[in-house]
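S.K.: Given the sequences, and given the hints that come with them, work out the whole structure.
Sequence lines, in order, name chains W and D.
Under numbering that gives the first Met the number 0, the first sequence has 56 at position 57, and the numbering climbs by one with no breaks.
Under numbering that gives the first Met the number 0, the second sequence has 167 at position 168, and the numbering climbs by one with no breaks.
Just so you know, the hints here were simulated from the structure itself, not pulled from any lab data.
Take these hints with a grain of salt, some might be off.
Because identical chains share one entry, a pair is satisfied inside a single copy or across any pair of copies.
[What the hints assert, rightly or not] With a Cα cut of at most 20 Å, we get these calculated PhoX-like pairs of lysine-lysine:
| no. | residue 1 | residue 2 |
| --- | --- | --- |
| 1 | K341 | K53 |
| 2 | K232 | K341 |
| 3 | K315 | K30 |
| 4 | K32 | K315 |
| 5 | K232 | K315 |
| 6 | K304 | K72 |
| 7 | K341 | K315 |
| 8 | K164 | K30 |
| 9 | K53 | K32 |
| 10 | K304 | K338 |
| 11 | K338 | K315 |
| 12 | K1 | K304 |
| 13 | K1 | K191 |
| 14 | K191 | K232 |
| 15 | K232 | K324 |
Nothing here was measured: the structure is a model prediction, and the numbers come from that model.
Here is what each chain is made of, one letter per residue.
Protein chains: 2
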Amino acid sequence: MKMQTIRLHTKSPSTVLCGAGALDAAAEYLKGKDALIVTDTNVDRLYAPLIAEKFPAAQVFAVPAGERNKNKKTLFLILDEMLRSHLHRSSFVVALGGGVVGDMAGLAAALYMRGTRLVQIPTTLLAQVDSSVGGKTAIDYNGVKNVIGAFYQPERVFCDPLFLKTLPRREIKCGLGEIIKTGLLDAAIGDKIAQNRGRMHDLGFLQELAADCIRFKAHVVEQDETESSGLRKCLNMGHTTGHALELLCGRRSHGEYVLIGMWLESYIAEEEEICSREYAEQVRSLISVAEPKIPSFPNAREGVKYALLDKKNEGKSNVSLILPKARGEYAELILPAEKYEKYLERL
Amino acid sequence: MKMQTIRLHTKSPSTVLCGAGALDAAAEYLKGKDALIVTDTNVDRLYAPLIAEKFPAAQVFAVPAGERNKNKKTLFLILDEMLRSHLHRSSFVVALGGGVVGDMAGLAAALYMRGTRLVQIPTTLLAQVDSSVGGKTAIDYNGVKNVIGAFYQPERVFCDPLFLKTLPRREIKCGLGEIIKTGLLDAAIGDKIAQNRGRMHDLGFLQELAADCIRFKAHVVEQDETESSGLRKCLNMGHTTGHALELLCGRRSHGEYVLIGMWLESYIAEEEEICSREYAEQVRSLISVAEPKIPSFPNAREGVKYALLDKKNEGKSNVSLILPKARGEYAELILPAEKYEKYLERL
Numbered sequence: 000m001k002m003q004t005i006r007l008h009t010k011s012p013s014t015v016l017c018g019a020g021a022l023d024a025a026a027e028y029l030k031g032k033d034a035l036i037v038t039d040t041n042v043d044r045l046y047a048p049l050i051a052e053k054f055p056a057a058q059v060f061a062v063p064a065g066e067r068n069k070n071k072k073t074l075f076l077i078l079d080e081m082l083r084s085h086l087h088r089s090s091f092v093v094a095l096g097g098g099v100v101g102d103m104a105g106l107a108a109a110l111y112m113r114g115t116r117l118v119q120i121p122t123t124l125l126a127q128v129d130s131s132v133g134g135k136t137a138i139d140y141n142g143v144k145n146v147i148g149a150f151y152q153p154e155r156v157f158c159d160p161l162f163l164k165t166l167p168r169r170e171i172k173c174g175l176g177e178i179i180k181t182g183l184l185d186a187a188i189g190d191k192i193a194q195n196r197g198r199m200h201d202l203g204f205l206q207e208l209a210a211d212c213i214r215f216k217a218h219v220v221e222q223d224e225t226e227s228s229g230l231r232k233c234l235n236m237g238h239t240t241g242h243a244l245e246l247l248c249g250r251r252s253h254g255e256y257v258l259i260g261m262w263l264e265s266y267i268a269e270e271e272e273i274c275s276r277e278y279a280e281q282v283r284s285l286i287s288v289a290e291p292k293i294p295s296f297p298n299a300r301e302g303v304k305y306a307l308l309d310k311k312n313e314g315k316s317n318v319s320l321i322l323p324k325a326r327g328e329y330a331e332l333i334l335p336a337e338k339y340e341k342y343l344e345r346l
Numbered sequence: 000m001k002m003q004t005i006r007l008h009t010k011s012p013s014t015v016l017c018g019a020g021a022l023d024a025a026a027e028y029l030k031g032k033d034a035l036i037v038t039d040t041n042v043d044r045l046y047a048p049l050i051a052e053k054f055p056a057a058q059v060f061a062v063p064a065g066e067r068n069k070n071k072k073t074l075f076l077i078l079d080e081m082l083r084s085h086l087h088r089s090s091f092v093v094a095l096g097g098g099v100v101g102d103m104a105g106l107a108a109a110l111y112m113r114g115t116r117l118v119q120i121p122t123t124l125l126a127q128v129d130s131s132v133g134g135k136t137a138i139d140y141n142g143v144k145n146v147i148g149a150f151y152q153p154e155r156v157f158c159d160p161l162f163l164k165t166l167p168r169r170e171i172k173c174g175l176g177e178i179i180k181t182g183l184l185d186a187a188i189g190d191k192i193a194q195n196r197g198r199m200h201d202l203g204f205l206q207e208l209a210a211d212c213i214r215f216k217a218h219v220v221e222q223d224e225t226e227s228s229g230l231r232k233c234l235n236m237g238h239t240t241g242h243a244l245e246l247l248c249g250r251r252s253h254g255e256y257v258l259i260g261m262w263l264e265s266y267i268a269e270e271e272e273i274c275s276r277e278y279a280e281q282v283r284s285l286i287s288v289a290e291p292k293i294p295s296f297p298n299a300r301e302g303v304k305y306a307l308l309d310k311k312n313e314g315k316s317n318v319s320l321i322l323p324k325a326r327g328e329y330a331e332l333i334l335p336a337e338k339y340e341k342y343l344e345r346l
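M.R.: Right, dumping it as structure tokens:
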């Protein structure tokens with residue numbers, strides 16, 4: 000796939016370069032600049048020589064890998080390193096890794112001196128199609144996902160498929176979660192997925208879908224950068240139940256929980272007559288391409304407690320769900336906590 | 000003075016209400032809203048009954064008073080309280096206090112769920128004329144002032160003179176520091192101060208000057224909200240040397256160090272021929288209205304170290320100074336660290 004350029008006309012503009020050669024473009028962009036590359040121990044183990052070759056002048060700081068380290072402690076490790084390196088406001092923070100690295104290094108860049116320059120080089124499919132684009136940064140805190148964070152646009156995002164080759168199968172599935180979610184929001188992407196079920200593990204095809212998903216997300220983010228008009232909420236389809244499960248169990252990855260969340264919520268959409276049974280079955284069939292085994296919800300009462308902490312909610316006793324409605328359409332449903340709990344018990 | 004309304008046409012707009020009755024306007028604005036009032040132990044001791052009367056439904060959280068508590072620990076105390084109170088994105092954080100409370104509660108509001116609604120009710124002259132307006136929020140960290148923070152506009156700022164009556168003389172002086180700084184940047188304000196030297200401790204006159212200063216600052220912030228074009232830098236006149244002194248000694252208040260910083264830097268402006276000797280003497284005469292006793296710089300080498308950490312600098316071995324040039328005019332001077340150190344030694 001030829002390299003594609005996708006521009007986000009956000010308050011502070013952002014440009015995504017997507018395709019083979021993106022890493023070289025990043026190296027060119029950062030040449031001669033003062034930069035701190037923030038990565039994690041996994042990426043560093045796999046790619047240290049490549050990073051050193053492409054960014055010979057940059058300092059590299061590797062934080063411990065994994066979602067459980069997306070916390071205050073690691074955020075301040077990054078900030079400490081920025082201070083030690085005497086970074087200035089005109090210096091670059093380069094987040095080179097998956098969503099966890101991108102979220103934390105992005106937040107550190109947003110906070111240090113009230114904002115240094117930020118570049119994202121996502122290395123997982125999930126980060127390429129979703130988290131590196133759109134400026135959401137965050138850490139988890141006190142058991143609540145992403146509750147401390149900022150909207151902060153990277154000036155450039157470089158998505159290079161070369162990193163996908165070393166991804167474990169599970170990480171690919173994780174990215175598929177967000178790709179399928181986008182397919183439920185956008186009819187053209189949904190059709191493309193439905194017509195190419197057999198190619199969902201072909202990296203070339205995934206790279207093409209990734210560019211489609213980024214373009215869709217860019218369009219949404221431009222119109223509602225800080226999730227205030229309501230439009231950006233659509234990107235959270237499956238996330239209310241998915242996040243609650245993630246907090247409750249925490250053994251699988253974010254993308255897997257989004258898949259499971261969408262699956263479970265498709266039954267709520269059906270029962271609440273947001274969508275037809277036929278469409279709900281199509282949705283579940285699409286999800287099963289990536290995630291054939293869906294567990295039942297382990298503890299409804301606890302699950303509701305976590306779901307109530309979700310940022311999309313507006314009251315303190317209602318849960319907001321983004322549900323599939325029809326091909327390329329969605330609806331927000333505000334459900335009283337007790338009713339949501341009953342659904343979770345049955346599922 | 001009649002209540003004045005000053006609007007900031009920033010990316011996220013902000014409105015300042017200034018004058019007697021502003022607190023009642025705040026009570027009206029927040030009526031029926033979900034709000035957490037963040038204040039400090041000093042303000043709480045003096046005003047708890049008034050706060051309870053004006054905001055009967057709001058929760059109040061008092062953090063330990065003082066600049067030395069403007070740190071990570073207190074920031075997370077506020078965030079913990081926000082989580083405990085189940086605040087949502089549509090809830091209000093109300094920063095009721097001086098600059099320290101405003102900076103920390105403002106940053107907590109910026110970070111919690113990537114941004115809750117924010118109202119500032121500044122209770123000191125310094126916070127009314129300067130820190131509550133313009134959206135700068137921050138904490139000090141690892142010995143560097145305001146190094147972790149965000150640009151985050153309060154949707155409303157309510158400046159009520161009633162709080163000024165209980166201010167110690169020193170706190171008034173502290174506000175005078177920023178007022179005199181504004182007088183060096185804006186000719187009309189400068190003339191007003193020069194013609195009313197005898198009224199600089201008259202609260203009615205100060206309230207009038209406060210509104211002038213806010214209007215000036217609003218105009219600057221609108222044009223350069225995130226201090227990226229360079230214009231907003233002008234507000235940091237005196238701050239490079241002032242901050243360095245504050246970090247080095249830390250016994251006086253921020254405003255006093257700004258006054259001392261402007262005094263010391265006026266000599267640099269004179270030596271570097273940025274301004275005439277005559278004008279530098281006028282500047283010092285104006286400063287002496289608020290601060291008659293100026294100490295010499297205690298430790299030039301250490302001072303340079305702190306000055307080099309300043310956010311205005313762009314390189315790692317230069318110091319940026321905003322210096323008075325002529326009536327209502329200023330200039331930025333980039334000085335090599337060694338040269339700046341020599342000046343500090345002599346002063």
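S.K.: Starting from the hint list further up, note which numbers the structure goes against and sort them upward.
M.R.: 1, 2, 6, 8, 12, 14
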